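Please construct the entire structure, taking both the sequences and the accompanying hints into account.
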Amino acid sequence: MSERASGLSRLKRPLLYVMGPLYVLAGITHFVAPDAYERVVPPGFPRPRELVYASGVAEIALGLGVLHPETREASAWGLVALLVAVFPANVYMAVDDEAVDELPGGVEPSDAALWARLPLQAVLVAWAWWYTRPMEDAADATDESAA
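Just remember that the numbering used here sits 5 ahead of the position in the sequence shown, which is counted from 1.
What the hints contain is simulated information worked out from the structure, not anything from laboratory work. All values derive from a computational prediction rather than experimental measurement. Certain hints may be false.
Taking lysine to any residue and the SDA-like style, the derived pairs with C-alpha atoms no more than 20 Å apart in a straight line are [stated by the list, open to error]: (1) 17 with 138; (2) 17 with 126; (3) 17 with 141; (4) 17 with 134; (5) 17 with 74; (6) 17 with 78; (7) 17 with 69; (8) 17 with 76; (9) 17 with 82; (10) 17 with 135; (11) 17 with 83; (12) 17 with 72; (13) 17 with 79; (14) 17 with 128; (15) 17 with 92; (16) 17 with 130; (17) 17 with 85; (18) 17 with 127.
In structure tokens:
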């Protein structure tokens, strides 16, 4: 294994415990501030409020799921699918000035930030995909043998 791959492998577990809670928190915000999320659902998508709630539930469930060895791979694939599914909302935010007037907390994102969000989605997909692959350390083998 290369030195770089070895370094990345050491980060895999700690980054998992960053990613999972981030998705849980993001999912919760869908219920705390649904109006903000509903505004970024592209026109033509049916039932925007229900889509907001469904994506919030998915983020919470999948964020929790990646934390458990038994559900990690399936949950990671679910996150990949979710990230692809919400990509049209990211595009809509970037191209429509009215879609994002203000985010929760009074934050008003710049056009540059909205456009930068688009390639960031690929990074998030790659990060989730990483957890579709087996963990290669002894701690995970212990986790899985205890299951």
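Now for the hints, and whether the structure bears them out:
1. 17 with 138: Satisfied, since the Cα-Cα distance of roughly 11 Å is no more than 20 Å.
2. 17 with 126: holds, 19 Å
3. 17 with 141: It holds: about 9 Å lies between the C-alpha atoms, which stays within 20 Å.
4. 17 with 134: OK: residue 17 and residue 134 at ~12 Å, within 20 Å.
5. 17 with 74: holds, 13 Å
6. 17 with 78: holds, 14 Å
7. 17 with 69: holds, 16 Å
8. 17 with 76: Since the Cα atoms of residue 17 and residue 76 sit roughly 16 Å apart, the hinted pair holds (cutoff 20 Å).
9. 17 with 82: Answer holds: residue 17 to residue 82 is near 16 Å, not above 20 Å.
10. 17 with 135: Within the cut-off at roughly 8 Å; holds.
11. 17 with 83: Between residue 17 and residue 83 the Cα gap is close to 18 Å, so the pair holds against 20 Å.
12. 17 with 72: holds, 12 Å
13. 17 with 79: holds, 17 Å
14. 17 with 128: holds, 15 Å
15. 17 with 92: Roughly 25 Å between the alpha carbons, so the hint for residue 17 and residue 92 is violated.
16. 17 with 130: Measuring from Cα to Cα gives roughly 15 Å; hence the hint holds.
17. 17 with 85: holds, 17 Å
18. 17 with 127: holds, 18 Å
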